[in-house]
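Colleague: Take a look at the letters that make up each chain.
Protein chains: 2
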Amino acid sequence: MASEFDIIRRYFEHHSDSVKLGVGDDCALIDIGDGKDLVITTDTLVGGTHFLLSEDPFAIGFKSAAVNLSDLAAMGATPKYALLAITLPFSDEVWIEGFSKGLYSLLNQYDVTLVGGDTTRGDILSITLTAIGFVASGTALRRDHAILDDDVWVSGSIGVGAVGLLVQEGVVKFSNEDERDFLRQLRKPAPRIELGQNLVGIANAAIDISDGLVADAGHVADKSGVQIVIDFETIPTHPALNSSRRELKIKNSILEGGDDYELLFTSTIDSRDQIENISCDLGLVLTRIGKVRSGLGVVVRDDGEELIVSSEGGFDHFAKTK
Amino acid sequence: MASEFDIIRRYFEHHSDSVKLGVGDDCALIDIGDGKDLVITTDTLVGGTHFLLSEDPFAIGFKSAAVNLSDLAAMGATPKYALLAITLPFSDEVWIEGFSKGLYSLLNQYDVTLVGGDTTRGDILSITLTAIGFVASGTALRRDHAILDDDVWVSGSIGVGAVGLLVQEGVVKFSNEDERDFLRQLRKPAPRIELGQNLVGIANAAIDISDGLVADAGHVADKSGVQIVIDFETIPTHPALNSSRRELKIKNSILEGGDDYELLFTSTIDSRDQIENISCDLGLVLTRIGKVRSGLGVVVRDDGEELIVSSEGGFDHFAKTK
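Chains as they are written, first to last, in the working numbering: chain A, 1 to 322; chain B, 323 to 644.
In isolation and in its complexed conformation, chain A is listed as follows:
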């Protein structure tokens, strides 16, 4: 719904010099002096839209934190504080306990302090978390700095969360063990905080994959004024999907599925060794899936064919060309 925020921004007259990055990246970036930039992001999860109301409250709490921390990860920031605004249609202590445990399991892991909040009554369960972190001044990873000839990398496995959604809906079947993997990724995605921090000074551009691989690659291409070419064959995914990766549902999950919260980043060829070292240190697979070249938008190469994804009108909707 970028267009709605575009309308909202029309009436916004004031631009502060201390704001290095405002609406449009994963987070806002504010120079607060003392050699630090403040990194701040806010995300809303609405019951029925972003999660099922029947879902385990622990998973809802966990995901509320994960979505925000992932935005900070994409900037290379160290998360420090959070504010929680929650609208509840009921007063159910067991639910609130479960939600809180899920939220804190992740906030406590990253030493994030909940500093404030607001609880309100309303007909729909809605959770808005605001997360605040810091980076050394001028070092934040951004969407708009991809450079020609950069490698394009992703962390972890892609499309796993989206297949988790298909499993949850009963649309696809796998072994019990594999289904547990898919559902875990959907419900308990790991924000790549340590990776983001390690990529500061190495990656030229970064984004977290929340809208889908192609859409988020598109955001980087669009903001950086470049084209990103992705080799479909090289995209890492769950082993159980390798044989079916060209089936429509699975291919769409890999290219268009959100909910992975992995990082996509670009960096020069010279950085390959450093990135392999980071991968070893963190025990996290990092895979080269493409290149940055001149042009617009995202191109997905597969089986000798190129699927061109136009940047016109943004990447909110991935227009397939057969």
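Treat each hint with caution, since some may be false.
What the hints assert, rightly or not - DSSO-like, lysine-lysine: derived pairs with alpha carbons at most 27 Å apart:
#, chain 1, residue 1, chain 2, residue 2
1, A, K20, A, K223
2, B, K358, A, K20
3, A, K101, B, K342
4, B, K495, B, K573
5, B, K510, B, K423
6, B, K495, B, K510
7, B, K573, B, K545
8, A, K249, A, K291
9, A, K251, A, K223
10, B, K342, A, K36
11, B, K342, B, K545
12, B, K545, B, K495
13, A, K36, B, K358
14, B, K571, B, K613
15, A, K20, B, K571
It should be emphasised that the hints constitute simulated quantities derived from the structure, not laboratory data. Just so it is clear, the structure is predicted and the values come from calculations on it, not from any experiment.
Since chain A is already given, all that's left is putting chain B on it; use the hints.
Modeller: Okay, now just chain B, sitting in the frame of chain A:
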């Protein structure tokens, strides 16, 4: 709904040394170095709960900003940045324009930059604004520093917003001009930013009146471990209410009505001249309405009687004793 936030806080293990004030005051207060404290607050307005869905979108936008800026005002902070998370059940450009104009009319007035946000789709219109400001380190006004023998002051007129709600509901009638005053206060409350800033170093404790005069005085009493005594007769209100101030609906509006967003503050007797000067400088009426003494809770004196409002169980519900 303090009890729900209490449950949420149970699972919160991590306390950062840099957090001077967390959940429980108007805002969180964070030491960010460089001689500054970061002041941050978040508030949600839910359609049907906090405003009518039929209400003018300009007023909804204005109030979203006012509620948050008022929290910063109560801390003596200078507002700088805001993040908007909005859930829309429709895509109506005219509505969004109206809302944005209302939001910005106040944000622009105080040079507040909108640095980020999130637009989501959901069945209920819901607006969460997060506002960020700064104060010189250690100077923020707080709820918990009221001192024995302090005067208790309020800005502006009390109960006006609540009577605006009665006018809106058709429960009471006044002259057209007076009704316009009441509705303006309800729909376009002025956050007392300049007053808060001027009270830094002068007031011992401060709060904005959003829950109602007695409830908010109760928050100060409770947090400061003192009793606040208010003389009903001295509470400033709209001239049109003076003759009817003891009628139940009006009295309740003055003592319990929210929506005024005036400041209540306490300061030593020695500060009276300084406060009168601030009043002159700002062209804003400041009125002494009571005293701080030892004890608990809030006492409202009227007609030789004392109405004791217990602090037990918090002040969410104003228990009247006949």
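Colleague: For every hint, state whether the structure bears it out.
Modeller: Results of checking the hints against the structure:
1. A:K20 to A:K223: holds (15 Å)
2. B:K358 to A:K20: holds (19 Å)
3. A:K101 to B:K342: Holds, because 24 Å separates the two Cα atoms, which is no more than 27 Å.
4. B:K495 to B:K573: Between K495 (chain B) and K573 (chain B) the Cα gap is close to 16 Å, so the pair holds against 27 Å.
5. B:K510 to B:K423: It holds: about 13 Å lies between the C-alpha atoms, which stays within 27 Å.
6. B:K495 to B:K510: The given pair, whose Cα atoms are some 20 Å apart, holds under the 27 Å limit.
7. B:K573 to B:K545: The given pair, whose Cα atoms are some 26 Å apart, holds under the 27 Å limit.
8. A:K249 to A:K291: Answer holds: K249 (chain A) to K291 (chain A) is near 25 Å, not above 27 Å.
9. A:K251 to A:K223: Distance of about 26 Å is within 27 Å: holds.
10. B:K342 to A:K36: holds (19 Å)
11. B:K342 to B:K545: holds (15 Å)
12. B:K545 to B:K495: violated (38 Å)
13. A:K36 to B:K358: With Cα atoms ~13 Å apart, K36 (chain A) and K358 (chain B) stay inside 27 Å; holds.
14. B:K571 to B:K613: Given that 27 Å is the threshold and the Cα spacing comes to 25 Å, the pair holds.
15. A:K20 to B:K571: violated (51 Å)
The earlier numbered hints that this structure contradicts are 12 and 15.
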